[in-house]
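Chemist: If you're matching them up, the sequences are chains S and P in order. For the record, in the first sequence the residue sitting at position 4 is 3 according to numbering that gives the first Met the number 0, with numbers rising by one throughout. For the record, in the second sequence the residue sitting at position 100 is 99 according to numbering that gives the first Met the number 0, with numbers rising by one throughout.
The hints are simulated quantities; they were obtained by calculation from the structure and are not laboratory data. A few of these clues could be false.
Calculated Cβ distances over 12 angstroms to all of chain S for the following chain P residues [said to hold, decoys possible]: (1) ALA53; (2) GLU69; (3) SER82; (4) ALA100; (5) THR144; (6) SER174; (7) GLN273.
So, partial list: chain S residues that the calculated Cβ filter (under 7 angstroms) puts toward chain P [claimed, not checked]: (8) VAL22; (9) ARG25; (10) ASP35; (11) GLY37; (12) THR39; (13) GLY59; (14) THR75; (15) ALA133.
All values derive from a computational prediction rather than experimental measurement. Glycine is no exception: its CB is placed at the ideal position from the N, C-alpha and C atoms.
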Amino acid sequence: MGEPVTSRTVSVEVNGEQIELEVPTRRLLVHFIRDDLGLTGTHVGCDTGNCGACTVHVDGEAVKSCMLLAVQAEGTKISTVEGLAADGELTALQQSFNEHHALQCGYCTPGMLMSATALLARNPRPSEEDVRLAIQGNICRCTGYVNIVEAVVAAGGKA
Amino acid sequence: MLLREVEYARPATVDEAISLLAGHEGARPLAGGQTLVNVMKQRAASPDVLVDLADLAELREIGFSGGMLEIGAMVTCSQLMSSSEVEVARPILAEVAGTIADVQVRNRGTIGGNVCVSDPTNHFPPLLVALDATFTIRGQAGERTVPAQEFFLGVYMTAVGEGELLTKVNVPASSGAGDGYAGLTIGAHGTYIVNAAATVAGDTARVAIGCVAASPVRATAMEERLASGDFSADAVRAAAEGLGAALDPPSDVHGSADYRRHLAEVSAVRAVLQAAGRRK
């Protein structure tokens, strides 16, 4: 039987790359992604599970990486904002954010993109209401959300 | 944030999880982590050992047998929302799950975690009391089943003892009953100030109020008055009279005790009317 430990090897696939790394069991997934893997596109906003700036995909589902231990992600496939334009080409959603000026300071943008990408994957042509519900867990303190919602709706069907 | 150092184990079977919980002082089960990880950051909880239930596939299943919907403790809110079994047998569960927090939290947060936290403002406790759900708890001595009203013992306290694990939440299929849920939240899909759940089967109503005491409160006087079978808006409003006065809710920055008494009556009326309207 696996006895309790304070350090453990985690095997995960991050943006298509297989990673195996020993981490302290108390390490949050967001710190694993930012500090151990150097993928600093994923932001720490509130660190209380409210703001959604740390949103990544775990096995295709949007989750807040500050509310998960890295060891909990064992065996999963993780994608971060860096994985969206991995080939250097912006996704239709990212392009739409650019065209609609869907950001001001940009701090919430990685989380917004990850939540909206998950939405578009399960609902390729979301209504305004669908988009507002999908980004409910992502807080933006600059834009008032209007341009973000417009950008996601416009990206619908273009992915 | 840097958490206090914590030991972590990832059992492969439910029995293994139970022996880990029983064999280590300060051990706690870790389900989705949407409450526990946050309270660990605040040091409001400081478990010594986390027993991660992630690999226990049997706890992620939704089954249906003998007229009962059997929901594994690790079933997430998102799973409840997309389950065809839930949609057929007791759709209110999916409806309420869909109003908890946000997409990311619903993707990880589990029904077992929601009830085991036993936060008086959580969504599921009053609903499961109204639906007459039962809880399957497993320990080294075996398995027992506890009715919802005996499950929620107080703030952050349930019938799950040390070395035990909640494995299933069992909800009877609606078989023609209608269910309703109403309340007032702080912001859309936020924390409840008061909530109420009701189920109406034929002429019998069960009503439970949340956020007004340490655990959900059955509105028994209201239920008795409704036994006349009159579910008109006037009759339901009359049945709720005095419900608030019988409660001793807390006062805080979101609402005074009196405001909560008022909300309890309003929410109970709305939940019962919705439930009665959905009867088949």
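Chemist: Hint compliance check: list the failing hint numbers for this structure, sorted ascending.
Modeler: Hints 1, 4, 8, 10, 11, 12, 13, 14 contradicted; others consistent.
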